[in-house]
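Colleague: Given next are the chains, with one letter for each unit.
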Amino acid sequence: MKSWLWIGLLCMGILLGLWTTLRVYTVGFSLYAKTDVLVWTLPLSTYVFFSLTSAGLAFVSSIPVVFGIKRYEAFEKRAVYLEIAVLIGSFVCLILHLGSPLKVLYIFLSPNPSSPLWWLAVLYHVYFVILLSAFWRIHTGKISKTLGVLIFLIAICTSTTLGWLMGMTDARPTLNASFFSVYFPLTGFGSGVAALLLFSMAYAHFSGREVTEDRSALYNEVGRLMGIITGMVLVVFLWRTISGGISSTAVEYRAFKHMIGSIPYNIELWLGLAVPTVLMLVPSIRAAVWGKVTASVLVLVGMFAGRLEFVLSGVVRPLGQMAEGRPEFVSYMPTIYEVFVALFGFSAMLLIYTLGERYLKLGAVPE
Amino acid sequence: MARYAMVIDLQRCVGCGGCSISCRNENNVSEGMYWSHKITETSGTFPNVRYHYMPTLCNHCTNAPCVRGCPTKAMHKLDNGITMHDPQKCIGCRYCMINCPYGVIYFNWKDAHPFWKEENSLIQGVTSSPAEEVSKVGSKGTPYYNPERNATLPAIRPKGVVEKCTFCDHRVKEGKLPRCVEACPADARIFGDLEDPGSEVRQLLGKFRPFRLKEALGTEPAVFYIRDFSSAGYPRTKGGV
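Protein sequences, first through last, are from chains A and B.
So for the first sequence, the numbering used here puts the first residue at 342; every next one is plus one.
So for the second sequence, the numbering used here puts the first residue at 4; every next one is plus one.
Treat the hints with caution; some may be incorrect.
Heads up, simulated SDA-like pairs for lysine to any residue below, C-alpha to C-alpha not over 25 Å straight-line [unchecked claim]: (1) B:113 - A:362; (2) A:598 - B:14; (3) A:486 - A:702; (4) B:80 - B:14; (5) B:162 - A:462; (6) B:217 - A:702; (7) B:217 - A:455; (8) A:411 - A:707; (9) B:113 - A:359; (10) B:162 - A:379; (11) B:113 - A:671; (12) B:217 - A:505; (13) B:217 - A:511; (14) B:210 - B:14; (15) B:113 - A:672; (16) B:41 - A:672.
Just some of the chain A residues that point at chain B, by a computed CB distance under 8 Å [as the list claims (entries may be wrong)]: (17) 379; (18) 380; (19) 407; (20) 440; (21) 442; (22) 444; (23) 447; (24) 501; (25) 505; (26) 509; (27) 512; (28) 513; (29) 551; (30) 655; (31) 701.
Rather than coming from a laboratory, the hints here were simulated on the basis of the structure.
C-beta atoms are modelled at their ideal positions from N, C-alpha and C, and glycine is treated no differently.
Just chain A, with the same shape it has in the complex:
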């Protein structure tokens, strides 16, 4: 009964998303809280969140295949399936961000290899096909090493290309800190590990099956891994704040300085990085189910807020003639339609995952 209620709620989210899609393509993108200055907002940041989480899940799923740590095979099937679900969530948000999504055909008809966006589009197409093939192999009982390695390599390419995409914007150095090609894979890894831990523990709870001692130890190990990664991200995040937000004198960095006081920034720093790192440092909390669940939820919430903070830090300060008649920083509050786009992405992802959990035995360990 509970599971049908859950599926019903997700279907409601999808219906709201479909209604939003219809409205956006009939009325226009003026339904979003966008101006000529705020050209990238919540739909895009949600896409970035999903996209990097998917890359992070790919890193986790590659641990047994690429690095030969066999005990992580227990997560393999769930991780690969979750990657597919998360990637579909990202596509939903991306489609509702693009002004003319039907024209994406021109990515192949009129390619521009100097554009990181072109590379991302191509990589995602390949990535999706490989993920489906890899899952099919796992579902039929075998892990394909070749496909596993390819997923690992493509995940590195997608997350670092996203760093190149932002890094190319010379006029907006707040999007352009030189370490984003490192920062993105690292933060993606953090959210990927958190997502896998959360979904695995949710399955263990809702399935009512007893968790074996080995599996429990593995969850604790993943919790420790998550703590290490969030700690590393925290250090890089603080350096980003120091170099771009405090010590830089360039006027372009004022946008980031402005964002330091914002709600998304503080959610990311305190809830998404500092608290989970501390929680996972304490052995007794790390060993407790509530500790791991709380920490992984906080990491995901923090990363979600962080993607929004990052995207907004690139656009809140108008450039050139766009600054005419506008304040130095424009404010942003998402409209209900933008919230529905994010909800659409989450609902689609969660529904696909729920159905997979129900019918595809994601807990099965492949050979």
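Given the structure of chain A, go ahead and fit chain B onto it with the hints provided.
Modeller: For chain B alone, kept in the frame of chain A given last:
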């Protein structure tokens, strides 16, 4: 092959906005968009304060970041140096807007010219509604619709794609000057071929010390500014301590 550029003489520019209005008419530019615009600045603090006015438009950069980043080559360079946009190929990702350091690219968030679609008249039975006005003159989109724009670009751009100044490529193709240049009452805008040693733009660039916007970014804009206007004078002085 010609390489077109524009010189804007800030001493001649009176800030009338004629360039913006003529551009709007020529290119059927929708409300809220400015293919031709301005940056106004004040310097100093009251009572020692001055007002500066700088006309702006797409800089048709040689190293155009918008062109480099466009995934479908919708934003592209013509052989004559003009940065052109093909709405047919535009997926509406707005990466060009993020890449452009000058803020001169606009996105069609909704159908163009929404005002002229309104059915309500100011005084019922007396005045025409905007939509009636458009239909009475047998026009499309706006009463001042210019069909000539259609030669190289959809005369009115659809929603979901970006748009920007094209140096009036449809006019240049026919040997005419861009509309803003033609309309400028002070002849503050001078247009021509940088490759031609005898062109007015080449002569002006050799005569004055030009500057371009955000030159440090290396985008190599094709819009140059020369001179500055100031009617202010001051008594000769060495200052003091």
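Colleague: Please go over all the hints and tell whether each is borne out by the structure.
Modeller: For each hint, the structure was consulted:
A C-alpha spacing of about 14 Å is found between residue 113 of chain B and residue 362 of chain A, which places the hinted pair at or below 25 Å, so the restraint holds. Between residue 598 of chain A and residue 14 of chain B the alpha-carbon distance is near 37 Å, which puts this suggested pair outside the 25 Å criterion. Taken as a hint, the residue 486 of chain A and residue 702 of chain A pair is honoured in the structure, with Cα atoms around 21 Å apart against an allowance of 25 Å. With a C-alpha separation of about 31 Å, the suggested pair residue 80 of chain B and residue 14 of chain B falls outside the 25 Å cut-off, and the hint is violated.
Between residue 162 of chain B and residue 462 of chain A, the direct Cα distance comes to roughly 22 Å. Compliance with the 25 Å bound is thereby established for this hinted pair. At most 25 Å may separate the alpha-carbon atoms for a hinted pair to count; residue 217 of chain B and residue 702 of chain A exceed this at roughly 58 Å. Note on residue 217 of chain B and residue 455 of chain A: the hinted pairing holds, with a Cα-Cα distance of about 22 Å set against a maximum of 25 Å. Between residue 411 of chain A and residue 707 of chain A the CA atoms are separated by roughly 11 Å; this keeps the pair inside 25 Å, and the hint holds.
Of the supplied pair hints, the one linking residue 113 of chain B and residue 359 of chain A holds, its CA atoms being roughly 19 Å apart against a limit of 25 Å. For a cut-off of 25 Å, the pair hint linking residue 162 of chain B to residue 379 of chain A stands: about 17 Å separates their Cα positions. Between residue 113 of chain B and residue 671 of chain A the CA atoms are separated by roughly 21 Å; this keeps the pair inside 25 Å, and the hint holds. With a C-alpha separation of about 22 Å, the suggested pair residue 217 of chain B and residue 505 of chain A falls inside the 25 Å cut-off, and the hint holds.
With a C-alpha separation of about 11 Å, the suggested pairing of residue 217 of chain B with residue 511 of chain A holds against the 25 Å cut-off. Proximity of residue 210 of chain B to residue 14 of chain B is assessed by CA-CA distance (about 14 Å); at most 25 Å being required, the pair is judged to hold. The hinted pair formed by residue 113 of chain B and residue 672 of chain A meets the criterion: a straight-line CA distance of about 21 Å does not exceed 25 Å. About 23 Å separates the Cα atoms of residue 41 of chain B and residue 672 of chain A, which keeps this hinted pair within 25 Å; it holds.
Hint on residue 379 of chain A is violated. Least Cβ distance to chain B is approximately 10 Å, over the 8 Å limit. Interface hint at residue 380 of chain A: satisfied, since its Cβ lies 4 Å from the closest Cβ of chain B, which is below the 8 Å cut-off. Restraint check, residue 407 of chain A versus chain B: the minimum CB separation of about 30 Å is more than 8 Å; hint violated. With its C-beta approaching chain B no nearer than about 2 Å, residue 440 of chain A sits inside the 8 Å limit, and its interface hint holds.
For residue 442 of chain A, the interface hint holds, since its Cβ comes within 8 Å of a Cβ in chain B; the closest pair sits about 7 Å apart. For residue 444 of chain A, the interface hint holds, the least distance from its beta-carbon to any beta-carbon of chain B being 5 Å, beneath 8 Å. With a least beta-carbon distance of about 4 Å to chain B, the hint placing residue 447 of chain A at the interface is held under the 8 Å criterion. Taking 8 Å as the C-beta contact cut-off toward chain B, the hint placing residue 501 of chain A at the interface is violated, the least distance being around 17 Å.
With its C-beta approaching chain B no nearer than about 10 Å, residue 505 of chain A sits outside the 8 Å limit, and its interface hint is violated. Annotation: residue 509 of chain A was flagged as interfacial toward chain B, and the flag holds, the nearest CB pair being 6 Å apart, inside 8 Å. The criterion of a C-beta within 8 Å of any C-beta in chain B is met by residue 512 of chain A, whose closest approach is roughly 3 Å, and the hint holds. A distance limit of 8 Å between C-beta atoms decides the matter here; for residue 513 of chain A the minimum to chain B is near 7 Å, and the interface restraint holds.
Here the hint on residue 551 of chain A is broken, as its CB sits about 49 Å from the closest CB of chain B, past 8 Å. A distance limit of 8 Å between C-beta atoms decides the matter here; for residue 655 of chain A the minimum to chain B is near 7 Å, and the interface restraint holds. Using the Cβ-Cβ criterion of 8 Å, the hint placing residue 701 of chain A at the interface with chain B is not satisfied: the shortest such distance is roughly 33 Å.
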